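Student: Could you put the whole structure together from the sequences, leaning on the hints where they help?
Each residue of the sequence shown is one higher than the one before, starting from 1 at the first, in the numbering used here.
Hints may be right or wrong, so weigh each one.
[Unchecked claim] DSSO-like mimics (lysine-lysine), calculated; alpha carbons at most 27 Å apart, straight line:
| id | residue 1 | residue 2 |
| --- | --- | --- |
| 1 | K484 | K587 |
| 2 | K537 | K432 |
| 3 | K260 | K347 |
| 4 | K540 | K433 |
| 5 | K501 | K587 |
| 6 | K522 | K288 |
| 7 | K322 | K683 |
| 8 | K537 | K442 |
| 9 | K202 | K260 |
| 10 | K322 | K260 |
| 11 | K540 | K522 |
| 12 | K442 | K432 |
| 13 | K347 | K322 |
| 14 | K322 | K288 |
| 15 | K442 | K484 |
| 16 | K522 | K260 |
| 17 | K593 | K631 |
| 18 | K540 | K288 |
| 19 | K683 | K745 |
| 20 | K683 | K537 |
| 21 | K501 | K484 |
| 22 | K432 | K202 |
| 23 | K288 | K433 |
| 24 | K390 | K347 |
| 25 | K433 | K501 |
| 26 | K683 | K522 |
| 27 | K322 | K355 |
| 28 | K725 | K683 |
| 29 | K442 | K707 |
| 30 | K484 | K537 |
| 31 | K593 | K202 |
| 32 | K442 | K501 |
| 33 | K537 | K501 |
| 34 | K707 | K725 |
| 35 | K390 | K432 |
| 36 | K587 | K442 |
| 37 | K593 | K206 |
| 38 | K113 | K390 |
| 39 | K631 | K432 |
Keep in mind that the hints were calculated from the coordinates and are not lab data.
Note that this is a predicted model, so its numbers are computed, not measured.
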Amino acid sequence: MRKVLPSLLGFMAVAGCATIPTETELSFNSEPVNQGLSEEDRHVNGLIARMSLERKVGQLLQPQINSFTPEDMERYRFGSYLNGGNGGPSGDEFAPASEWLRLADTMWDASTKPLPGGEPAIPTMWGTDAVHGHTNIVGATIFPHNIALGAAGDADLVRRIGGATATEIEVTGIDWNFSPTVAVARDDRWGRTYESYSEDPKLVAKLGAALVEGLQGRTDDPDYLGAGRVIATAKHFFGDGGTEQGVDQGDVNGDIEELKSVHAAPYPATIDAGVESIMASFNSINGKKMHGNQELLTGVLREEMGFDGLVVGDWNGHGQIKGCTVEDCPQALLAGLDIYMVPDDWKTLHENLVKQVQDGTIPIQRIDEAVRRVLRVKLRAGLLDRGAAKPSMRPNAGDLNKLGSAAHRSLGREAVAKSQVILKNNGQLPLKKGAAILVSGKAADSIAQAAGGWTLTWQGGRELTNDYFPGATSIFAGIKEAAKANGGSAVLSEDGSFETKPDVAIIVFGEEPYAEFAGDRKNLVFTDTEGLDLLRKFDKQGIPAIAVFLSGRPMWVNRELNAADAFVAAWLPGSEGAGVADILFGKREAVGKLSFSWPARCEGEPLNGPADALFPLGFGRSLTDARPLEKLDETCGFLGGGAVSDWYSNGRLAAGIVASAGGVDLPNLRGEGGGVVARGVDKDRQEDAREISFGANTDFTLTGEGKGAFLITYNIAAAPAGTVKITNGDNSADITEGLTVGAGKGWREMVLTEACLGMTGDSFTIASAAPMTIRISTIARQELPEGTQCSF
Numbered sequence: 001m002r003k004v005l006p007s008l009l010g011f012m013a014v015a016g017c018a019t020i021p022t023e024t025e026l027s028f029n030s031e032p033v034n035q036g037l038s039e040e041d042r043h044v045n046g047l048i049a050r051m052s053l054e055r056k057v058g059q060l061l062q063p064q065i066n067s068f069t070p071e072d073m074e075r076y077r078f079g080s081y082l083n084g085g086n087g088g089p090s091g092d093e094f095a096p097a098s099e100w101l102r103l104a105d106t107m108w109d110a111s112t113k114p115l116p117g118g119e120p121a122i123p124t125m126w127g128t129d130a131v132h133g134h135t136n137i138v139g140a141t142i143f144p145h146n147i148a149l150g151a152a153g154d155a156d157l158v159r160r161i162g163g164a165t166a167t168e169i170e171v172t173g174i175d176w177n178f179s180p181t182v183a184v185a186r187d188d189r190w191g192r193t194y195e196s197y198s199e200d201p202k203l204v205a206k207l208g209a210a211l212v213e214g215l216q217g218r219t220d221d222p223d224y225l226g227a228g229r230v231i232a233t234a235k236h237f238f239g240d241g242g243t244e245q246g247v248d249q250g251d252v253n254g255d256i257e258e259l260k261s262v263h264a265a266p267y268p269a270t271i272d273a274g275v276e277s278i279m280a281s282f283n284s285i286n287g288k289k290m291h292g293n294q295e296l297l298t299g300v301l302r303e304e305m306g307f308d309g310l311v312v313g314d315w316n317g318h319g320q321i322k323g324c325t326v327e328d329c330p331q332a333l334l335a336g337l338d339i340y341m342v343p344d345d346w347k348t349l350h351e352n353l354v355k356q357v358q359d360g361t362i363p364i365q366r367i368d369e370a371v372r373r374v375l376r377v378k379l380r381a382g383l384l385d386r387g388a389a390k391p392s393m394r395p396n397a398g399d400l401n402k403l404g405s406a407a408h409r410s411l412g413r414e415a416v417a418k419s420q421v422i423l424k425n426n427g428q429l430p431l432k433k434g435a436a437i438l439v440s441g442k443a444a445d446s447i448a449q450a451a452g453g454w455t456l457t458w459q460g461g462r463e464l465t466n467d468y469f470p471g472a473t474s475i476f477a478g479i480k481e482a483a484k485a486n487g488g489s490a491v492l493s494e495d496g497s498f499e500t501k502p503d504v505a506i507i508v509f510g511e512e513p514y515a516e517f518a519g520d521r522k523n524l525v526f527t528d529t530e531g532l533d534l535l536r537k538f539d540k541q542g543i544p545a546i547a548v549f550l551s552g553r554p555m556w557v558n559r560e561l562n563a564a565d566a567f568v569a570a571w572l573p574g575s576e577g578a579g580v581a582d583i584l585f586g587k588r589e590a591v592g593k594l595s596f597s598w599p600a601r602c603e604g605e606p607l608n609g610p611a612d613a614l615f616p617l618g619f620g621r622s623l624t625d626a627r628p629l630e631k632l633d634e635t636c637g638f639l640g641g642g643a644v645s646d647w648y649s650n651g652r653l654a655a656g657i658v659a660s661a662g663g664v665d666l667p668n669l670r671g672e673g674g675g676v677v678a679r680g681v682d683k684d685r686q687e688d689a690r691e692i693s694f695g696a697n698t699d700f701t702l703t704g705e706g707k708g709a710f711l712i713t714y715n716i717a718a719a720p721a722g723t724v725k726i727t728n729g730d731n732s733a734d735i736t737e738g739l740t741v742g743a744g745k746g747w748r749e750m751v752l753t754e755a756c757l758g759m760t761g762d763s764f765t766i767a768s769a770a771p772m773t774i775r776i777s778t779i780a781r782q783e784l785p786e787g788t789q790c791s792f
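Tutor: Right, dumping it as structure tokens:
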């Protein structure tokens, strides 16, 4: 029996109930509440018996923080809420930890204000995606992504990371973590491969269960869901790592028992570890969306696996069910979903669910069952017995010394070192004492690139300078410190230039940060030639070169492997770059082993096993293994693709493009300057567009290199109240009439050519004389046929 915190009497008194009914006065579906029920269910049923239908439905809705107010919370009493990948207090994802805690207090207060008629006021709970540390928060420890922890293969290490993450989450007053991801990634073209521990379901199960225990505590421990612990979530049930061609949110097809043996295999381990919530997956199984799949959500997860916690949906995932919209979907609840993650359209969904219970579409018993599961988790987490203890009064809350603490950063450094996998070593590792080292590559001193996606912003990005990561250590900084301690020196030269010839060069390069769907690929060819060019340059100069490769998946890098004297798969190590140096200098033994097969061919077909693997599952050299690697075939038909012309797409700026408002640079189109605010909104996918709100006489500028006309995919709901102009260089065009014509007509494309704008500069500015809101999905530059006219 799990620990239950049975202070219903105290909670009800704090919630404002003057009297509490006796057991015989309580009723639940006309059945006595004490017949054959556990103690915790009797407590929970006592609450349910006193709740109105509207409040019950409120428990089943989870909006995101930038789409509702404290007044909305007080009225609707949402059972939970979340911050999206680009969400933050007052729309600022870079808000200090104190502001996150303040918001937690505000929403707690709103949810616990006394209700009339003796109805209990149920505290809300806040969920966040802390998938590799509490990485939405500036200053938090950024641990390596799961693919790296899979290479480390150390369950105790993962358990300790879970505990550190939970503590840092508690600093900000948040209750619930949407982690661990226990996907078994079987096609590395999937953009979420780095969220998977391994292609091996057994390893995923072991490490997933360990993280659950780290976040929540062990079920038989006194601190289970106590101080230093938060609610965990195993996700995404199930099949997210098995879609055809690795397409995010795509189709998983095959014999159901065979699919379960791979993709559902980690869930029993996390359930045994006590995981309190499981998130439904976006994908389909044999053509049926998981959010509406009763046979699997109820039949397999509940009845076969015995899960008794709550099932939460993913971002508007219920709206993908056949016959559903985001605002209207009883099918999901009937299939077994308990909480709708409905970021923005919660009000209409609430109205429809109430009506659907009233007209018999949804039985009240099903509503009560879902509410019971939500309240039971809250009871186990102590949220129903803390009385007046708002988030800021809980253990660890507001203790900023525990956010990115020295102990947690040391743990992160240990995890980085244990996850490094040496693929090639011609005797250059460990680095020799006294060596003069040249460190090159744009990623060498970029903490953002080393951290990858789901870091401060949803997609991450190198536009996040090191100033956004106080207390963190870049890979170069770690190497520099280690070189000095080793009697040598290290200097940074991104382009590889030097005045004094070094003894050895280290080139840090790899994938730009990305998150779900934006990271999907058609093949596994690494085409950015920066690292390759540097490796070949040093080879010609007779300088030994060591490649440190940053990536969220194994990739075809045969050319780089041939050119390097040593090659280290560093994955996405996070904020503690000194852990990379620990391996390069031999301060720690190299113990990392591949948890994914490394491809020998460039096509990108699914690779799960030794066939066609250049390096098989479990491969990894020790520092003393200097066996030569034979020259690899560099032929690949996917090489030589053209450059992308997008300036902005999928909710993020392209490399080299700068957004600014009021003189303030805005990473990822985040707005705070000059009265301009931008927030993530959905077009086709989660937060794949930005809603940009202008104040009076404000402007918004994008700057970068490009050629040709501007093509802008936009949506404006209402005609502008004042003049709107676009300026490019010395040229300006009034687009007020065009926006007026397009108002209310959905997504449209604006084409701005030389005929109307001149296109003489490398930037354009949107300036609005009056307050205006416009949504933008993509901005691209493209050379169009001569004579092409402007259009809106």
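Student: With reference to the structure, classify each hint as holding or not holding.
Tutor: Hints, one by one, checked against the model:
1. Of the pairs offered as hints, the one joining K484 and K587 holds, with about 13 Å between alpha carbons and a cut-off of 27 Å not exceeded.
2. Using a Cα cut-off of 27 Å, the hinted pair K537 and K432 holds, with the two alpha carbons roughly 22 Å apart.
3. Under the criterion of a C-alpha separation no larger than 27 Å, the hint pairing K260 with K347 is inconsistent with the structure, at around 36 Å.
4. A C-alpha spacing of about 24 Å is found between K540 and K433, which places the hinted pair at or below 27 Å, so the restraint holds.
5. Between K501 and K587 the alpha-carbon distance is near 25 Å, which keeps this suggested pair within the 27 Å criterion.
6. For the given pair, K522 sits about 24 Å from K288 by alpha-carbon distance, which is consistent with the 27 Å threshold.
7. Simply put, K322 and K683 have alpha-carbon atoms about 18 Å apart, close enough for the 27 Å limit, and the pair holds.
8. Using a Cα cut-off of 27 Å, the hinted pair K537 and K442 holds, with the two alpha carbons roughly 16 Å apart.
9. Proximity of K202 to K260 is assessed by CA-CA distance (about 13 Å); at most 27 Å being required, the pair is judged to hold.
10. With a CA separation close to 23 Å, the supplied pair K322 and K260 stays within the 27 Å bound.
11. A hinted pair counts as satisfied when its Cα atoms are at most 27 Å apart, and K540 with K522 does not qualify at roughly 33 Å.
12. At roughly 24 Å between alpha-carbon atoms, K442 and K432 fall within 27 Å of each other, so this suggested pair holds.
13. For the suggested pair K347 and K322, the alpha carbons sit about 21 Å apart, so the restraint of at most 27 Å is met.
14. The suggested pairing of K322 with K288 holds, with an alpha-carbon distance near 8 Å, which does not exceed 27 Å.
15. At most 27 Å may separate the alpha-carbon atoms for a hinted pair to count; K442 and K484 meet this at roughly 22 Å.
16. Of the supplied pair hints, the one linking K522 and K260 holds, its CA atoms being roughly 26 Å apart against a limit of 27 Å.
17. Between K593 and K631 the alpha-carbon distance is near 22 Å, which keeps this suggested pair within the 27 Å criterion.
18. About 56 Å separates the Cα atoms of K540 and K288, which puts this hinted pair outside 27 Å; it is violated.
19. About 14 Å separates the Cα atoms of K683 and K745, which keeps this hinted pair within 27 Å; it holds.
20. Pair hint K683 plus K537 does not hold up; C-alpha atoms about 44 Å apart against a cutoff of 27 Å.
21. Only pairs whose Cα atoms come within 27 Å are accepted, and K501 paired with K484 is accepted, the gap being roughly 18 Å.
22. Between K432 and K202, the direct Cα distance comes to roughly 39 Å. Violation of the 27 Å bound is thereby established for this hinted pair.
23. Restraint check for K288 and K433: the C-alpha separation of about 60 Å exceeds 27 Å, so the hint is violated.
24. Taking the CA atoms of K390 and K347, the gap is near 26 Å; set against the 27 Å cutoff, the hint holds.
25. Taking the CA atoms of K433 and K501, the gap is near 17 Å; set against the 27 Å cutoff, the hint holds.
26. Of the supplied pair hints, the one linking K683 and K522 holds, its CA atoms being roughly 22 Å apart against a limit of 27 Å.
27. Only pairs whose Cα atoms come within 27 Å are accepted, and K322 paired with K355 is accepted, the gap being roughly 20 Å.
28. Under the criterion of a C-alpha separation no larger than 27 Å, the hint pairing K725 with K683 is consistent with the structure, at around 25 Å.
29. For the proposed pair K442 and K707, the alpha carbon gap of about 24 Å is at most 27 Å, so the pair holds.
30. For the suggested pair K484 and K537, the alpha carbons sit about 26 Å apart, so the restraint of at most 27 Å is met.
31. Proposed proximity of K593 and K202 is supported: the alpha carbons are some 15 Å apart, at most 27 Å.
32. Proximity of K442 to K501 is assessed by CA-CA distance (about 20 Å); at most 27 Å being required, the pair is judged to hold.
33. For the proposed pair K537 and K501, the alpha carbon gap of about 13 Å is at most 27 Å, so the pair holds.
34. With a C-alpha separation of about 21 Å, the suggested pairing of K707 with K725 holds against the 27 Å cut-off.
35. At roughly 55 Å between alpha-carbon atoms, K390 and K432 are farther apart than 27 Å, so this suggested pair is violated.
36. A distance of roughly 25 Å separates the Cα atoms of K587 and K442; the hinted pair therefore holds under the 27 Å criterion.
37. Note on K593 and K206: the hinted pairing holds, with a Cα-Cα distance of about 16 Å set against a maximum of 27 Å.
38. With a CA separation close to 12 Å, the supplied pair K113 and K390 stays within the 27 Å bound.
39. For the hint linking K631 to K432, the alpha-carbon distance of about 25 Å falls within 27 Å, and the restraint holds.
When held up to the earlier numbered hints, the structure conflicts with 3, 11, 18, 20, 22, 23, 35 and fits the remainder.
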